[in-house]
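Chemist: Sequence:
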Amino acid sequence: MITIGSALEGLLSLSEPDDHNDRRPRLCVNLWRVPRSDGARLRTVLSAIAHILRDGRGLRHLRIRAVRTWQQLLQNPRMFLGGRAAVTGGNCVALAERLLGDEPQPRVLLDLSRTTVTKELSFALCKFFQPLAASKDCTGRSECVGARVKVDVRLAKCRLGMPELALVREMLDGAFATDRTRPRCDHQFALGELDLSDNSLGANELLVLGAMLRQNHVYLIDDVVLENVMGKSFANGGALGLYALMEAAFDVDTIARAGRRRDATHKGLASLRLQTNALNGAAFAAVCSAFRHSRAVQDLSLAGTLSLANASTREQCWRWLAFGVFAASPPRGVRPAFSVRRLDLSGNPLSFNDVEAFARALLDPVGELVWGNAAGGQHQDVEPQTGVCVVAQGAVVRQHPNSGAVQLLRVEREMELEVLCTSGQWACVLIPGFRWGWTQPVHVTLHADDGDGPGGAPESTVRFELVLNKLQNNAATIEALAFLLELVGDQLCGLELRHYHLTPDLVAVIAEYCTRLERLDLESCSLSGSEAALQRALRGNLGARLVSLNLNHTKVGFQFAETLAQVLSDRERAPPLRNLQLFNGLIGDRGLDSLQRAFLVNKMLVRLELGTAASAPSSRVELAFHSRNHNELLRVEPLSMDRRLAFLSLFSSSASAATPTRRDLDVWMLRTVLDFAASEVRRQIVWRS
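Letter by letter, the sequence shown follows residues 1186 to 1874 in the numbering used here.
In case anyone wonders, no lab produced these hints; they're calculated from the structure. The beta carbon of each residue, even a glycine, is placed where N, CA and C say it ideally should be. Hints should not be assumed to be uniformly reliable.
Pairwise CB distance ranges (calculated) [said to hold, decoys possible]: (1) Glu1541 x Glu1865: 47 to 57 Å; (2) Lys1655 x Leu1833: 49 to 59 Å; (3) Ser1298 x Arg1828: 33 to 43 Å.
Below, computed lysine to any residue pairings styled on SDA-like, alpha-carbon distance capped at 25 Å [said to hold, decoys possible]: (4) Lys1335 x Gly1387; (5) Lys1740 x Asn1726; (6) Lys1312 x Ala1225; (7) Lys1304 x Arg1283; (8) Lys1312 x Leu1227; (9) Lys1312 x Ala1375; (10) Lys1740 x Ser1711; (11) Lys1740 x Glu1681; (12) Lys1342 x Val1581.
Please work from the sequences and hints to get the whole structure.
Modeler: Below is the structure:
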């Protein structure tokens, strides 16, 4: 009998997450090392992984045993690449806890990069994801994914074409669907992320991928990664392929369709990553128009997508960003609740002209998008409007408001679309996943847009995180960035700026205009010349509202630690800071002493990340600081009201198994049970090297 250790020999490694907000590394199973001809070995490896994860589910309520189990695995050099254990020494427990997070088992990545997708591989993955018992149907997503373990699959650099994508879809259908319309609810594993990066996908492949994602109400995939896949997709009708992909990925194909209600079981993606694709203006319009009408995608990455665009294309793309993400909500009935939580624009060139075009589009989106700010080209009878119109099946969308203009698209089904402006019998409409165009609708319903109703979220509640890492580090870019933050700062709850030379003016803009900022990430920023400005901001309103502050690799000194200690120990303002990262800082023993005094007062800070030479406290001061503060009980948080009601509802139904117990319980006993179920909040001190 083959043991788990021999089955996984030399195949495991740890993969750090791309999302900086997710601190959990993934346990990577490097299946690309299994020879293509060795199908039996592939099945054995997948069976071993399934066995490990099934055992982990049994430790859901045994945290100490779960950490100890994964600690033993991390210390086994036989399983890891190169014959070296993932970690050695006293830091193994910390890594095991970080690997698990709040779950009884880690997030697993099946890495099949540079592997040929064959029938045998598709069948092996299908058997891995299939439930052990006979399948059951379910109609709601919550009952399908309640206790599933999420497993990610990477098919990067696999030369995916039409046959290979057909095999991927065959695997998904076989594993997750009963009849391609209903998901199974007895799975042990769920497909958390599907990574198809570094595959050249043309128009036909995008159409197939769009059709695949249209069935996501069955597959229930959370994240799709399409990094560097669409470099040449627009040479031969790729725009229609991208239109189909955006419709499905952003869940816009059923938005306000005339004469029918939206399918409640339809599910778009939670995260879509399009980084490093060389998107042109048409592709960017497709993404932003779909994003404006998406109810699903919470995390969108467009990092590096404008790195090859010329100046005029970049300005047009920033206009689309203003309209698709930052502008006022679409008319009532067109857009569902605002869903975006994180937008990544890292690595894109940013100039003052780009931000000026962005600012003009916020004020006049129709003039900027439709007419490109060329007032002389606008028709005399064009009137900006806000409303919706019904477009009949088979209607033609044209580039200009006349019958002889170039045809852009033929509408496949009757649907309601957002109206941008009208010209006689023509209406300029926004087609989610495509762009704007002119058509002759069946009828147009116009009304004022108050941005607050069933279709849209009030602007005052729209808050998300903006990621702008690794932009060009020069004075012009910093000036443009400051202008951008002045425009959109009040919409941000999180801001991530990494690898900059932070200036005092930029710090002042963040403090003044980002009035609702809760998370600030300045990792790897140079603070020389701006450290005093940041200290003043933390003593002011910025420090009074921050929940998370990342200053890793900024080399702040003990004076800065003393400022943070003053902020943390302010009894009057009670700072809400819960997460503080100071890895690779220069705070020294004096800084630790300052933080120690602050911790005597502050019971809000839950996690502190520090740096040391040995991945664990080594000096006398570090050991004393760790022993006093690590695992300190800060407070006990009672059960939330909805959980209390859920518990009490068990006793209210006559069909409940808890009904015989109801007569034996009194108010005092129920209060005791609810108090016992409260959550302890303990301080965590994390040391990194």
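Chemist: Next step is simple, just say for each hint if it's right about the structure.
Modeler: For each hint, the structure was consulted:
Under the hint 47 to 57 Å, the C-beta atoms of Glu1541 and Glu1865, about 52 Å apart, fit the expected range. At roughly 51 Å, the beta carbons of Lys1655 and Leu1833 sit within the given window of 49 to 59 Å. Checked against the hint of 33 to 43 Å, the pair Ser1298 and Arg1828 passes, with Cβ atoms roughly 42 Å apart. Note on Lys1335 and Gly1387: the hinted pairing is violated, with a Cα-Cα distance of about 29 Å set against a maximum of 25 Å.
Our distance criterion of 25 Å between C-alpha atoms is met by Lys1740 and Asn1726, whose separation comes to about 24 Å. Under the criterion of a C-alpha separation no larger than 25 Å, the hint pairing Lys1312 with Ala1225 is consistent with the structure, at around 13 Å. Straight-line distance between C-alpha atoms of Lys1304 and Arg1283 comes to about 36 Å, which puts the hinted pair past the 25 Å bound. Using a Cα cut-off of 25 Å, the hinted pair Lys1312 and Leu1227 holds, with the two alpha carbons roughly 12 Å apart.
Between Lys1312 and Ala1375 the CA atoms are separated by roughly 13 Å; this keeps the pair inside 25 Å, and the hint holds. For the proposed pair Lys1740 and Ser1711, the alpha carbon gap of about 8 Å is at most 25 Å, so the pair holds. About 18 Å separates the Cα atoms of Lys1740 and Glu1681, which keeps this hinted pair within 25 Å; it holds. This hinted pair does not check out: Lys1342 and Val1581 have alpha carbons roughly 38 Å apart, beyond 25 Å.
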